[in-house]
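Engineer: For reference, the chains in residue letters:
There are 2 protein chains.
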Amino acid sequence: MSKKYLMTPGPTPVPEDIRLEMAKPIIHHRTKEYQAIFKEATEGLKKIFKTSNDVFTFTSSGTGAMEASVVNVLSAGDKIIVVRGGKFGERFGDIAKAYGVEVIAIDVEWGTGPKPEVIKETLKKNPDVKAVYTTLCETSTATVFDIKSIGEIVKATDALFVVDTISGLGADDFENDKWGVDIAVCGSQKGLMIPPGLAFCSVSEKAWKAVETSKLPKFYFNFKKYKKAWLDMDTPFTSAITLVIGLKKAVEKINAQGIDSVIAEHNSQARAFREACKAIGLTIFSKSPSSGVTGVNMPNGMNADDLIKLLKTEFGVTFAPGQEHLKGKIFRCAHMGGIDREHTIEAIKALEMALSKSGHKFTIGAGVVAAEKIL
Amino acid sequence: MSKKYLMTPGPTPVPEDIRLEMAKPIIHHRTKEYQAIFKEATEGLKKIFKTSNDVFTFTSSGTGAMEASVVNVLSAGDKIIVVRGGKFGERFGDIAKAYGVEVIAIDVEWGTGPKPEVIKETLKKNPDVKAVYTTLCETSTATVFDIKSIGEIVKATDALFVVDTISGLGADDFENDKWGVDIAVCGSQKGLMIPPGLAFCSVSEKAWKAVETSKLPKFYFNFKKYKKAWLDMDTPFTSAITLVIGLKKAVEKINAQGIDSVIAEHNSQARAFREACKAIGLTIFSKSPSSGVTGVNMPNGMNADDLIKLLKTEFGVTFAPGQEHLKGKIFRCAHMGGIDREHTIEAIKALEMALSKSGHKFTIGAGVVAAEKIL
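So the protein lines, in turn, are chains A and B. Residue numbers for the first sequence follow our numbering, beginning at 8 and rising by one. Residue numbers for the second sequence follow our numbering, beginning at 8 and rising by one.
Calculated directly from the structure, the hints in this document are not laboratory data. Don't take each hint at face value.
Identical copies look the same in the list; a pair holds intra-copy or inter-copy alike.
[Said to hold, decoys possible] Here are the simulated BS3-like cross-link-like pairs (lysine-lysine), alpha carbons at most 25 Å apart as the crow flies: (1) K11 with K57; (2) K334 with K39; (3) K356 with K235; (4) K53 with K260; (5) K127 with K104.
These numbers were taken from a predicted model, which means no experiment stands behind them.
For reference, chain A alone in the conformation it holds in the complex:
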């Protein structure tokens, strides 16, 4: 098997036409040519976020934009609610604490999402809460949260609603404006199918009001600097030119197909993969599985990391391991960004062969059959 299949939830495979576009001779960023590219990339991104709010592009990993969503709207001593149901929810809390912000944690069992009524009660009990931070798809548990319902609750309060969509955007349903999201954070290397290195924040009017009173120190991630530079269709600090050129091409491709159709496609791959797993005797980790990534429990006694190694070395398929206490217990397979139907079928075929080789008993081919019925 000479082809290699990267099935990790970030980076996802970068389509060849995007890679070649980025490989052209570099251009300067303070030119009309680049301004037009940056403008198109940003406008295209807004369609994917489903927002008419400002959307800013940072040169950073997704965590940089998470930090931006904290330092631009809060002051030391402020109180926020953070939903922690996996590694990335916890990160919001860690960032806030590093800046002297008080965190009310709502801990949910890994693999489940927060109950909207718990958020409602917590907001009621703490009317001074400045913002609620949560996640669209918690990558570490492959779980999608009910952002729409939480949004309705937060919208009715003075608190801001901040959502990490890093691994959900482009795979799970997301409606920035309809769902009342004040800041949506995203990264480039997942649903947007370009290499890592860019991160984004959408910023609502309500969020801009909080920016005015925020006292946390900031410079590189200061929203106001990005807003001012956007008037010249530029970033305040040197743009990651090649990545923005890739972004422009990627959002063009996504919007040409239509974001809803793209989401439906990844959703069908995710369903196909889940049904395939069930057909070969595996169970799904998450109680609210994402369309962007699936976490799969290991059959009794098998170690997920051994299986991942076998899949990579013998079958050329790269899955992601479980994180923190899930290490060795689950493997994760992504369905977003540059991952298509062919990848999904190949991954299932390889998974069947690797499991069979590892001694797991099931009807060979049952996974592929189950998946093909859906795809």
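Let chain A serve as the given structure and place chain B on it in line with the hints.
Structural biologist: Leaving out everything else, chain B in the frame of chain A:
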């Protein structure tokens, strides 16, 4: 003229083999394959910095690493010296002020460097100064500063010595360890000839001691997180994989030739360009010209931006404009990174033709002759 020549001080042209290396199918960053690449890139970078200190890679523009050099070693209320002799020296001061750090500015005329004895006196008068921030090559004025002499002065005090080498490294002489630099800041898109998107900090033992007492809030740029991740040959947040792959290739090329030889080559291009300018009746803006970029004064009555436009549209050569109050008064031509002898000669030829077309009187060809004598 079908070929295009990008002669800007960042981005500089990215060599084709580096572009193609980055265009290969993307790999995952938490793999042995990537760890080896990241390790080689970092070790190669240390040779270019001439340091045995830690060198960390951030996904950000150079400004992000400038911010890192402030937030990791200082606390609010600390006092620092900032040399301001151009746009980028001023930025250090702006970052520090945003974090509540007191700035003692040493303002020097644009186009000149700071006098080491002024820094010595200022340190003497202010023994509580925590750090001195300055620039190797002030890109906005194309001026190289005497970092070696300043380093000797700062080394003898308790203050840290922080140097922005963003547009100097790989073109102007720089000796991180010998010159007593505690933190050197750099970016990817200049002497290192890859696209923008990565930034670097070298961190000395003396700087690490300051890290231990620093109270400024930080998360994304926290040195300690990068140090910890380096034990696994990784970055704490998703690496900008393709750019790091490009970096590995670039530092390999630079070190294969030898950093001193690379610097000598760019230095000879810079001298050739300066002599060419003089031969056609132009004068050099800086009193201490850098080998990475040259700023050139316009002849009486001519506007630099008009010349830049003509050069770009009719001759395919892109120069950079003057910044702030130098706008329209100077143009800047770079000599670093992917810019080679051929580019330099082509730029001079185009400059002669454009000047002639604009009515400037001189002996056509005199610039090329002067340059070829040096090259």
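Engineer: None of the hints should be skipped; say for each whether it holds.
Structural biologist: Hint by hint, here is what the structure shows:
Taking the shortest alpha-carbon separations for K11 and K57, neither the intra-copy value of 33 Å nor the inter-copy value of 39 Å comes in at or below 25 Å. With identical chains, the CA atoms of K334 and K39 are at most 25 Å apart between copies only, with a shortest distance of 18 Å across copies and 49 Å within one. Taking identical chains as interchangeable, the C-alpha atoms of K356 and K235 are never at most 25 Å apart, the minima being 51 Å within one chain and 38 Å between chains. For the homomeric pair K53 and K260, the shortest alpha-carbon distance inside one copy (14 Å) is at most 25 Å, but the shortest distance between copies (40 Å) is not.
For the identical chains of this complex, K127 and K104 are intra-copy neighbours only, at 23 Å inside a copy versus 39 Å across copies, given an alpha-carbon limit of 25 Å.
Hint compliance for this structure: hints 1, 3 are not met, and every other hint is.
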